[in-house]
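Spelled out from the first residue to the last, the chains are:
Protein chains: 2
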Amino acid sequence: MDDKLMLMIPGPTPVPEQVLLAMAKHPIGHRSADFGKIMAEVTANLKWLHQTQNDVLILTASGTGVMEAGIINFLSPGDRVLVGSNGKFGERWAEVTDAYGLNTERITAEWGKPLDPEQFRLALEADVDKQIKAVVITHSETSTGVINDLETINRHVKAHGKALIIVDTVTSLGATNVPVDAWGLDVVASGSQKGYMIPPGLGFVAVGAKAWEAYKTAKLPRYYLDLGKYRKDAAKNTTPFTPPINLFFALQAALRMMQAEGLEAIFARHHRLLAATRAAVQAMAMPLLAADECASPAITAVMPSGVDAEQIRSVMKKRFDIVLAGGQDHLKGKIFRIGHLGFVSDRDVLTAIAALEATLQELGHEGFTSGAGVAAAAKVFASH
Amino acid sequence: MDDKLMLMIPGPTPVPEQVLLAMAKHPIGHRSADFGKIMAEVTANLKWLHQTQNDVLILTASGTGVMEAGIINFLSPGDRVLVGSNGKFGERWAEVTDAYGLNTERITAEWGKPLDPEQFRLALEADVDKQIKAVVITHSETSTGVINDLETINRHVKAHGKALIIVDTVTSLGATNVPVDAWGLDVVASGSQKGYMIPPGLGFVAVGAKAWEAYKTAKLPRYYLDLGKYRKDAAKNTTPFTPPINLFFALQAALRMMQAEGLEAIFARHHRLLAATRAAVQAMAMPLLAADECASPAITAVMPSGVDAEQIRSVMKKRFDIVLAGGQDHLKGKIFRIGHLGFVSDRDVLTAIAALEATLQELGHEGFTSGAGVAAAAKVFASH
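Heads up: the protein sequence lines correspond to chains A and Z, in order.
The first sequence begins at 1 in the numbering used here and counts up one residue at a time.
The second sequence begins at 1001 in the numbering used here and counts up one residue at a time.
Derived by calculation from the structure, the hints in this document are not laboratory data.
C-beta: ideal position from N, C-alpha, C; glycine also.
Treat the hints with care, since some could be wrong.
[As the list claims (entries may be wrong)] With a straight-line Cα cutoff of 27 Å, these simulated DSSO-like cross-link-like pairs (lysine-lysine) come out:
id : chain 1 : residue 1 : chain 2 : residue 2
1  : A       : LYS88     : Z       : LYS1236
2  : A       : LYS334    : Z       : LYS1210
3  : Z       : LYS1236   : A       : LYS4
4  : Z       : LYS1025   : A       : LYS317
5  : Z       : LYS1229   : A       : LYS219
6  : Z       : LYS1317   : A       : LYS37
7  : A       : LYS88     : Z       : LYS1219
8  : A       : LYS216    : Z       : LYS1088
9  : Z       : LYS1232   : A       : LYS332
10 : Z       : LYS1219   : A       : LYS216
11 : A       : LYS25     : Z       : LYS1004
12 : Z       : LYS1004   : A       : LYS332
13 : Z       : LYS1037   : A       : LYS318
14 : Z       : LYS1236   : A       : LYS317
15 : Z       : LYS1334   : A       : LYS232
16 : Z       : LYS1229   : A       : LYS88
17 : Z       : LYS1088   : A       : LYS232
18 : Z       : LYS1004   : A       : LYS236
19 : A       : LYS232    : Z       : LYS1332
20 : A       : LYS88     : Z       : LYS1037
21 : Z       : LYS1332   : A       : LYS236
22 : Z       : LYS1004   : A       : LYS37
23 : Z       : LYS1334   : A       : LYS236
24 : Z       : LYS1318   : A       : LYS334
25 : Z       : LYS1219   : Z       : LYS1158
26 : A       : LYS229    : Z       : LYS1219
27 : Z       : LYS1236   : A       : LYS318
28 : A       : LYS88     : Z       : LYS1216
29 : A       : LYS219    : Z       : LYS1334
30 : A       : LYS318    : Z       : LYS1025
31 : A       : LYS334    : Z       : LYS1232
32 : Z       : LYS1317   : A       : LYS236
33 : Z       : LYS1037   : A       : LYS317
[Unchecked claim] Far from chain Z, by Cβ distances over 10 Å, these chain A residues were calculated:
id : residue
34 : THR64
35 : VAL96
36 : GLY101
37 : PRO117
38 : HIS156
39 : ALA375
So that you can see chain A by itself, here it is in the shape it has in the complex (with noise of 0.2 Å):
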């Protein structure tokens, strides 16, 4: 039914009313005061979200350049670096420190398993002579809806003294709890279609002292990336080019909206969606592929097995118009994923759950109590 899509993948998420009408004001210039107050508000506001009391970056970017930038700002060629790769996204950073001629080290996990922070305690304590200049991790792995154990991974860079923490933190900043300031993590890029609840195209990036430090004697070459002179600008409440107006405008307007719900709040949300997507999905007998200790808040991975993946989306999509996500890479086909990160309701979930129902009933897939799901999610609504 035409203008009746509902997006529940994990990115872009759905934009509150408010949101999308800031967005449509006309443009105003980004060298006067008035756009020098949207910057002061939103920067404000962005270490409000992040917890940090670190500069945090506004770049006109997808997630991947941000994320690009907070690698390159701080290293030279030939720098030794452990990635952490279990997923596209953890994927794609080893790829961008090959590209930059970095001595990249893959620590691995198989898709849908989180990484496995021993590995990454073994590594650096055998760095002794601190050639390790910086551990690069996913989060959230978009990709497979696994969350890593950041916070005991950090505790083991932080303990090496020397490597920095660098972390993308796409899908779980503005879902889970990444206090920045209190793990001390150096280096963190999210992107603004993900918990910000606005349309792609801003990225973010918190900097601290240490990476700050290190981007002194950094030599990969940058400019557009250079997050040195959006340092500088940021002080000064601009932007060293043109910035995305409008997206500033929405970013505003959504950054009021999460003041305005508290951190806890949101999280808990987030908990409260992914507890109900799980139960939902459990009982209604189909596997799902990340494990309780490792769910990501933002997106739920499903592998269905007697019904095929992709016809669950085509029908969802046809019959109801709601977008899943499928796989990627060698998870195409074999999974769906479920978005509920961002501007995403109890309702949404419920709604959710129901279209897939009957989807699984349009197929004839039998395997489960017609009800189940929804059943499931309502009790998981109800007790928490």
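Assemble the complex: chain A is given as a structure, and chain Z must be docked to it using the hints.
For chain Z alone, kept in the frame of chain A given last:
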């Protein structure tokens, strides 16, 4: 007056209502057939706008980001490049080539004067062993309102045979004739918040066969700005990284408007606005920074005498809600710049000139006959 802002700066430029409203729609998934259709349409229309059969790629980036991509994808460390520098943007591209360790030779002209094509001819003819790998030129120098003689400089590059021509057309594309194929321009970069009539956030780069040939052996590191990735995905009507979907809605709407107006009419309108603005400013006895023969169709820089440029801007803003641009770097405080680029009509120029007259009266400036500016602009409009 609240909500009465009128932008007469060289970017962001005014945005039509239908473009703003297109942008305010709920995002769709970027891995969907619906997005593929938009991608196909805007790519075809971008080729029309560029008058080319070459690839025209779309990046989430400001003009600087896309121009950097246009440079670094086709060169290797130590490559010799000629960079034309006669304003802030020309100088910026030399900073980019410096940042990437290229062997940069600047060909300079005073700010407000055009680059001298003869200097390019001499340097290129002297390069008998073909060490010059690229010539980087800013077509319309936004900081001064000077348009460089791209056609002639490019002819010298073609005579050289080996060097690529890489052009910043950020404030010329969609304002004046840039026939990419007819001139054989290898790399042409532009940004959304200019002639395109949409807010900032998208960058465009047209890449020809000779540049793609150079790409194969080019060794400067890149990932997010790697144009090969964009080309590969554009062939499938998609993008390698999450695109700013709402800006694509805007782009789709704006390109349809441009097609309805027609290239010839768009160029004629900009040249008419330029002529009217310059005639009016001269009738108000204020010196123009650029000479007639190198005046950019996007922007007119005025160097007022006997009255302060920043005071003029301040009164224009406070009293009439019209934003003019100031001078940059050493021209700060010495000039103001009137943008007449993108969604700007004859009426807008009349409005700006009338307000400028009123501003000069308010400031007690007496060097001209009140009404002469509007009369001169009207005369241009009557005869074009």
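Now for the hints, and whether the structure bears them out:
1. This hinted pair checks out: LYS88 (chain A) and LYS1236 (chain Z) have alpha carbons roughly 20 Å apart, not beyond 27 Å.
2. Restraint check: the Cα-Cα separation between LYS334 (chain A) and LYS1210 (chain Z) comes to about 41 Å, which exceeds 27 Å; the hinted pair is violated.
3. The hinted pair formed by LYS1236 (chain Z) and LYS4 (chain A) meets the criterion: a straight-line CA distance of about 26 Å does not exceed 27 Å.
4. Distance hint between LYS1025 (chain Z) and LYS317 (chain A) is fulfilled; the C-alpha atoms sit about 19 Å from each other, no more than 27 Å.
5. In summary, the hint linking LYS1229 (chain Z) to LYS219 (chain A) is supported, as the alpha carbons are separated by about 25 Å, within the 27 Å threshold.
6. For the hint linking LYS1317 (chain Z) to LYS37 (chain A), the alpha-carbon distance of about 17 Å falls within 27 Å, and the restraint holds.
7. Of the pairs offered as hints, the one joining LYS88 (chain A) and LYS1219 (chain Z) holds, with about 25 Å between alpha carbons and a cut-off of 27 Å not exceeded.
8. The suggested pairing of LYS216 (chain A) with LYS1088 (chain Z) holds, with an alpha-carbon distance near 26 Å, which does not exceed 27 Å.
9. The suggested pairing of LYS1232 (chain Z) with LYS332 (chain A) holds, with an alpha-carbon distance near 19 Å, which does not exceed 27 Å.
10. Between LYS1219 (chain Z) and LYS216 (chain A) the alpha-carbon distance is near 24 Å, which keeps this suggested pair within the 27 Å criterion.
11. With a C-alpha separation of about 12 Å, the suggested pairing of LYS25 (chain A) with LYS1004 (chain Z) holds against the 27 Å cut-off.
12. Restraint check for LYS1004 (chain Z) and LYS332 (chain A): the C-alpha separation of about 51 Å exceeds 27 Å, so the hint is violated.
13. Note on LYS1037 (chain Z) and LYS318 (chain A): the hinted pairing holds, with a Cα-Cα distance of about 17 Å set against a maximum of 27 Å.
14. This hinted pair checks out: LYS1236 (chain Z) and LYS317 (chain A) have alpha carbons roughly 21 Å apart, not beyond 27 Å.
15. Restraint check for LYS1334 (chain Z) and LYS232 (chain A): the C-alpha separation of about 25 Å stays at or below 27 Å, so the hint holds.
16. Restraint check for LYS1229 (chain Z) and LYS88 (chain A): the C-alpha separation of about 16 Å stays at or below 27 Å, so the hint holds.
17. For the suggested pair LYS1088 (chain Z) and LYS232 (chain A), the alpha carbons sit about 18 Å apart, so the restraint of at most 27 Å is met.
18. Using a Cα cut-off of 27 Å, the hinted pair LYS1004 (chain Z) and LYS236 (chain A) holds, with the two alpha carbons roughly 26 Å apart.
19. Pair hint LYS232 (chain A) plus LYS1332 (chain Z) holds up; C-alpha atoms about 19 Å apart against a cutoff of 27 Å.
20. For the suggested pair LYS88 (chain A) and LYS1037 (chain Z), the alpha carbons sit about 26 Å apart, so the restraint of at most 27 Å is met.
21. Simply put, LYS1332 (chain Z) and LYS236 (chain A) have alpha-carbon atoms about 17 Å apart, close enough for the 27 Å limit, and the pair holds.
22. The straight-line distance between the Cα atoms of LYS1004 (chain Z) and LYS37 (chain A) is roughly 18 Å, inside the 27 Å bound, and the hint therefore holds.
23. As the CA atoms of LYS1334 (chain Z) and LYS236 (chain A) are separated by approximately 22 Å, the hinted pair is consistent with the 27 Å bound.
24. Proposed proximity of LYS1318 (chain Z) and LYS334 (chain A) is contradicted: the alpha carbons are some 61 Å apart, above 27 Å.
25. In summary, the hint linking LYS1219 (chain Z) to LYS1158 (chain Z) is supported, as the alpha carbons are separated by about 24 Å, within the 27 Å threshold.
26. Note on LYS229 (chain A) and LYS1219 (chain Z): the hinted pairing holds, with a Cα-Cα distance of about 25 Å set against a maximum of 27 Å.
27. Proposed proximity of LYS1236 (chain Z) and LYS318 (chain A) is supported: the alpha carbons are some 22 Å apart, at most 27 Å.
28. At roughly 26 Å between alpha-carbon atoms, LYS88 (chain A) and LYS1216 (chain Z) fall within 27 Å of each other, so this suggested pair holds.
29. Between LYS219 (chain A) and LYS1334 (chain Z), the direct Cα distance comes to roughly 37 Å. Violation of the 27 Å bound is thereby established for this hinted pair.
30. At most 27 Å may separate the alpha-carbon atoms for a hinted pair to count; LYS318 (chain A) and LYS1025 (chain Z) meet this at roughly 20 Å.
31. Straight-line distance between C-alpha atoms of LYS334 (chain A) and LYS1232 (chain Z) comes to about 25 Å, which keeps the hinted pair within the 27 Å bound.
32. Between LYS1317 (chain Z) and LYS236 (chain A) the alpha-carbon distance is near 21 Å, which keeps this suggested pair within the 27 Å criterion.
33. Taking the CA atoms of LYS1037 (chain Z) and LYS317 (chain A), the gap is near 17 Å; set against the 27 Å cutoff, the hint holds.
34. Listed as a non-interface residue, THR64 (chain A) fails to keep its Cβ farther than 10 Å from every Cβ of chain Z; the least gap is roughly 5 Å.
35. The claim that VAL96 (chain A) is not at the interface with chain Z is violated, since a C-beta of that chain comes within 10 Å of its own (minimum 5 Å).
36. At roughly 6 Å from the closest C-beta of chain Z, the C-beta of GLY101 (chain A) falls inside 10 Å, breaking its exclusion from the interface.
37. Every C-beta of chain Z lies more than 10 Å from that of PRO117 (chain A), the closest at about 27 Å, which supports listing it as non-interface.
38. No beta-carbon of chain Z is positioned within 10 Å of the beta-carbon of HIS156 (chain A); the least distance is around 27 Å.
39. Under the 10 Å C-beta cut-off, the non-interface status given to ALA375 (chain A) relative to chain Z holds; the minimum distance is some 29 Å.
Of the numbered hints given earlier, the model fails hints 2, 12, 24, 29, 34, 35 and 36; all others are met.
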